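Chemist: Starting from the known structure of chain A, fit chains B and C onto it as the hints suggest.
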Amino acid sequence: MLTIATGNKAVAAAVKAAKPGVVAAYPITPQTEIVEQIAEYVTDGDLESRYIPVESEHSAMAACIGASAGGVRTFTATSSHGLLYMHEMVHWAAGARLPVVMANVNRALGPGWNTWAEHTDAFSQRDTGWLQVFVATVQEAYDTTLMAFKIAEDERVLLPVMVNLDGFSLSHITQALETVDIGDFLPPYHLPHAVDTENPCVYGPMTFSNDYFKFRWDIERSMRDAKGVIADVEREFAERFGRSYGPTEDYRCEDADVVVVAMGTLGKEAEVAVDLLRDEGIKAGSMRLRWFRPFPDLDLAGREVVVIDRDYSFGFGGVVAHAIRSKTGIEPYSVIAGLGGQEVTYNDIAGFVRDRRPGEEMWFGVSEHV
Amino acid sequence: MYEIRIHSRGGQGGVTAAKLLALAAFRDGKYATACPFYGAERRGAPVVSFVRIDDEPIKIYSQIHEPDLVIVLDASIMDVVDVLQGLKKNGTVLLNSAHPISGCNGICRHVDLTGIALATNLVVAGSPILNTPVIGALAKMGVVSLPSARAAIQEMFSDERNVKAAEAAYEELKV
Amino acid sequence: MSAIPKEEYLYKCTSACAGCSSSLCLRYVLKAAGPDTVLVVPACCTSVIQGAYPGTAMGVPVYNIAFAAAAACASGMSNALSTRGKKTNVIVYAGDGGTVDIGIQSLSGAFERGTNFLYICYDNEAYGNTGMQRSGATPLGARTTTTPGGKPTAKKDLDRIVEAHNPPYMATACSAYPLDLYKKVKKALSIEGPKFIHILAPCPPGWRYPTEKTVEIGKLAVKTGTWILYEREFGKLTINGPSKTAMKKPAPLEDYIRGQGRFKNVNPEILDLMRQQVEQNIQRLSREEAGVC
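Quick mapping for you: the protein sequence lines, in order, are chains A, B and C.
Quick note on numbering: the first sequence equals residues 1 to 370 in our numbering.
Quick note on numbering: the second sequence equals residues 1001 to 1175 in our numbering.
Quick note on numbering: the third sequence equals residues 2001 to 2293 in our numbering.
So that you can see chain A by itself, here it is in the shape it has in the complex (with noise of 0.2 Å):
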């Protein structure tokens, strides 16, 4: 169906197309919208699904991990200090081995108070074992809170996925969004490591060193075959529903001289900075990072790239930059731009790329190159 509605919605209707036996979540701004969404659909009758109304942010994912362990299917929201508040429980999802979809709306942190868009909240969580996606359209969050099930629950990955979108600048924009009648795409929930009284297991006892080695390597197979998952799941959802995505959203990088590196809308908005950049000559591309765990195989041999960090690690730099830079042996010019919402627009990354000075750092609206 052809409608229109903002992030939060696409993901609260993702969800009931994927009918969850369990859903566990507290409200907080920007996400509430999707809480609220799944509520009502509940309460209406239309997702049959159990809402349980926590509440913590620590009790969501601890109620989630009960119930996925429990048999069913489970999804939570959360954003910023509710991911932070969670992130004991967020590790326990992943060591649990429990295909859990959250939605992250990302949001700054305090102090001071600010509700609008950064990255730092998701990357604080990187190191968990969870998957995590970042998208950029209203249709993009759609689908891949959809996928994100298909993935999390195959038996190569079995690890939980983060669907990420940018705190108001996606969550509370209405763009089109057509909606599928999902048939048979997500198969009927597997767990086969579920709680069963018929053979009683015991679940996360002391472990010595040995065992628990064993344990966080076979994490990071699954993180590594989780690659190859997350292609044949778009491809199927390609072939199903004729929309595709790719682990990162390249645009006009084919003879590009200079690739910006971006996540999430400002991701999108740099395709029209390179629009404006290839009318006054350059050579300008732009490659939006989706996937930042599994980390995507980048090509931008022989490219001079300009990432933007919505996000910053005191004391060392940007996160995504840093993964460039270890990922591609590439120094690029490291952007600092849109924390707590800063607004950046095209024009502003348009900036970015004619003003370039590779192995430096600038902290836009500052104006300090570091």
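Everything labelled a hint here was simulated from the structure, so no lab data went into it.
Since this is a predicted model, take the numbers as computed values, not measurements.
It cannot be assumed that every hint is accurate.
Over the 12 Å line for every Cβ pair with chain C, so calculated as not near, a few chain A residues [to be verified]: (1) Thr32; (2) Val72; (3) Asp127; (4) Asp184; (5) Asp196; (6) Tyr212; (7) Arg224; (8) Gly242; (9) Ala301.
In silico lysine to any residue, SDA-like type, Cα no more than 25 Å apart, as pairs [unchecked claim]: (10) C:Lys2031 to A:Ser56; (11) A:Lys214 to C:Phe2067; (12) C:Lys2031 to A:Asp196; (13) A:Lys214 to C:Lys2156; (14) A:Lys19 to C:Arg2113; (15) C:Lys2012 to A:Thr207; (16) A:Lys16 to C:Tyr2053; (17) C:Lys2156 to A:Ser56; (18) C:Lys2012 to A:Asp46; (19) C:Lys2031 to A:Tyr203; (20) C:Lys2012 to A:Asp279; (21) A:Lys19 to C:Tyr2209; (22) B:Lys1089 to A:Asp279; (23) C:Lys2086 to A:Asp46; (24) C:Lys2006 to A:Glu198; (25) B:Lys1089 to B:Ala1045; (26) B:Lys1089 to A:Glu343; (27) C:Lys2086 to A:Thr207; (28) C:Lys2031 to A:Glu198.
Note that CB positions come from ideal geometry on N, CA and C, so glycine has one too.
Modeler: The following block gives chains B and C in isolation, referenced to the frame of chain A:
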């Protein structure tokens, strides 16, 4: 690309007007994006929303700084906000008022949306509803088609008075 | 005792300390609950007692979960199993630290939401698993590794906190009265909604008494009125047998204190305060049972 900035006060329906407009444009077969700009959410505080309409997919998420059209749902905002800021040369202003605006260097339109809402008895919790009649006025200005305006309103609201108010605004606005 | 099934769900290969009363309680809890049961266990002594991977002493599924998260995890588990049409018992088996301190928020949330599960707090009145640090459940005057001079404040009244959630069933129990515990678990599991059982579980290394005295110390806690056995069904209070006698004519508090190294340095003023607390508690529950408020 056609870029619209809507000025209103929190609770007056500026955000919903933006969504309605995007939906109507979408029903016209165009691409559209509605972006509310959220500050601290308070009733009565000045707020802005943005709508972009284009024949191509819209990739811009930042705010609109040089609008083609400025809509002012509450004239009292003009005392505290420069609603004309960045308005394109030959841009248009649509003001909710029974009287014309002065000092506008572009094309100025005015229509009494509040009066229309009151006459249609389109009042919720003591406040006249402005977001549906304004879509009628925009249809008259050719931003969206009248059938799409009607369809969008009917998709989002079941109360037929919304369509009536939009039609009244369509009739009343002079172009 | 003949009513208690012979089947064991806690095998004789636990990693419990000698004289551990909480593992004794778990044995009876599982006998009462039977095989269609999932145990949710936060960080506590039971994390260790159950044994280390790949071995286990447990005959029912055990879901280990982070310290603060047991009741919330059980919420999800309970909802998941019931949507799958299962009647499986979901039982949280948590220590006092994971209940009265770090886990009280998730406990409160799960009870307020009416989660269908049984929450059992086995209370050894300190963080036993980490070597006896004080918890909110540590009683006045008790020495722990973080209250070397004796705890200056009273034990948190967990039962009145739980009672404020109006659960359909709540009870106290003590490891020295296993048949009473068994019956209470049976009854609790026959009722829909959030149920709560608070077990006093004496701990030889933590309370500093000889291992063979575990049952005796538990009985003294009840006989002195320090620990009162009762049930509260849909708000209606019933004092249970052993405590009925104890409340009428409690044994001297010193009988309970004397044998425990943790109370060694309690001075007469503290002892007097402890006595007052016992009396107040007895009076409050007696009045309530008699219908006098």
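Chemist: Looking at Asp184 (chain A) again, its CB stays over 12 Å from all of chain C?
Modeler: holds (20 Å)
Chemist: Is the nearest Cβ of chain C still more than 12 Å from the Cβ of Thr32 (chain A)?
Modeler: holds (18 Å)
Chemist: Given the proposed pairing of Lys214 (chain A) with Phe2067 (chain C), does the C-alpha separation stay at or below 25 Å?
Modeler: holds (24 Å)
Chemist: Is the hinted pair Lys1089 (chain B) and Glu343 (chain A) satisfied, with a Cα-Cα distance of at most 25 Å?
Modeler: Holds, at about 24 Å.
Chemist: Regarding the pair Lys2012 (chain C) and Thr207 (chain A), is the alpha-carbon distance no greater than 25 Å?
Modeler: holds (20 Å)
Chemist: For Lys2031 (chain C) and Tyr203 (chain A), compute the direct alpha-carbon distance and say whether it is at most 25 Å.
Modeler: With a Cα-Cα distance of about 21 Å, the restraint between Lys2031 (chain C) and Tyr203 (chain A) holds, given a limit of 25 Å.
Chemist: Lys2031 (chain C) and Glu198 (chain A): Cα distance at most 25 Å?
Modeler: holds (16 Å)
Chemist: For Lys19 (chain A) and Tyr2209 (chain C), compute the direct alpha-carbon distance and say whether it is at most 25 Å.
Modeler: Status violated; Cα separation ~55 Å.
Chemist: Sort out whether Asp279 (chain A) lies within 25 Å of Lys1089 (chain B), counting only the CA atoms.
Modeler: holds (24 Å)
Chemist: With 12 Å as the threshold, tell me whether Val72 (chain A) passes as away from chain C on beta-carbon distances.
Modeler: violated (4 Å)
Chemist: Holds or violated: are the alpha carbons of Lys214 (chain A) and Lys2156 (chain C) at most 25 Å from each other?
Modeler: Given that 25 Å is the threshold and the Cα spacing comes to 42 Å, the pair is violated.
Chemist: Going straight from one Cα to the other, do Lys2086 (chain C) and Thr207 (chain A) come out at no more than 25 Å?
Modeler: Violated - the C-alpha atoms of Thr207 (chain A) and Lys2086 (chain C) are around 30 Å apart, more than 25 Å.
Hint check: violations occur at hints 2, 5, 6, 10, 13, 16, 18, 20, 21, 25, 27; the rest are consistent with the structure.
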